[in-house]
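Trainee: According to this note's numbering, the sequence shown is numbered sequentially starting from 615.
Simulated from the structure, these hints should not be mistaken for laboratory data. Honestly, I wouldn't trust all of these hints.
What the hints assert, rightly or not - Here are the computed lysine to aspartate or glutamate pairs in the DMTMM-like style, where the Cα-Cα straight-line distance is at most 25 Å:
| hint | residue 1 | residue 2 |
| --- | --- | --- |
| 1 | 634 | 654 |
| 2 | 679 | 776 |
| 3 | 751 | 695 |
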Amino acid sequence: MRRKVDSRTVWSLTAIRNGKQENAERIEEAQFCYGRWPDEVTRSSSKRLPSGLIGILGALGMEEKAMESGFVIYMAAAPSDRESWIQFVSTVTVKNSERSFSFDTRTLYSTEDEEGGTIELVDLYNPCIGGMRMPNKVWMTLGELPMSTLAWAIGSGVMDAEKSRQMDLSQWIGKPKDNTIIPNDIMFLPGPPSKAYTFDDAN
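With these hints in hand, go ahead and build the complete structure from the sequences.
Mentor: Dropping the structure here:
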């Protein structure tokens, strides 16, 4: 694996279907737990997908599989093989001036034709550790959950259903507050990491 981060480094985010949400009939309504590794997935709050990911799922014919179990998001600034990859271009960056610690800057990316939707990435660059600053363009593709990840998700209870049916709170989500670019119930993605990793790595 390429450990040093550069423009060809591929980083990922794993999205696992929230089994406790029983009333989603469309991919736009579906909620997912997500993270770069297992600990992040179990601690995450389930969220809906941004329009950019929904567009890629449709283009790759993966909507049904995503609704059943989940998928893996792969990202790179300049992948060596761009077949099946979709390019997103940065459009606006927002920094929360009320927060003094790192990771408070987010960038909105959209497809060049502006019809493939948008995604939001959080800047993870740390000058003390190194890595890569947020690129102007991000390429993205999706893949099915590896069997090992699916087995972990089932065993950890992430995909377990609720005993009683509940209403979906996303029906009452209002306009985004403060400096968020996308509503708070929409999943955001990680920017380039300080070092390469896999889902099985410890954080």
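Trainee: Would you mind marking each hint as holding or not holding in the structure?
Mentor: Structure-based check of all given hints:
1. 634 with 654: holds (18 Å)
2. 679 with 776: holds (21 Å)
3. 751 with 695: holds (15 Å)
When each numbered hint is compared with the structure, no violation occurs for any of them.
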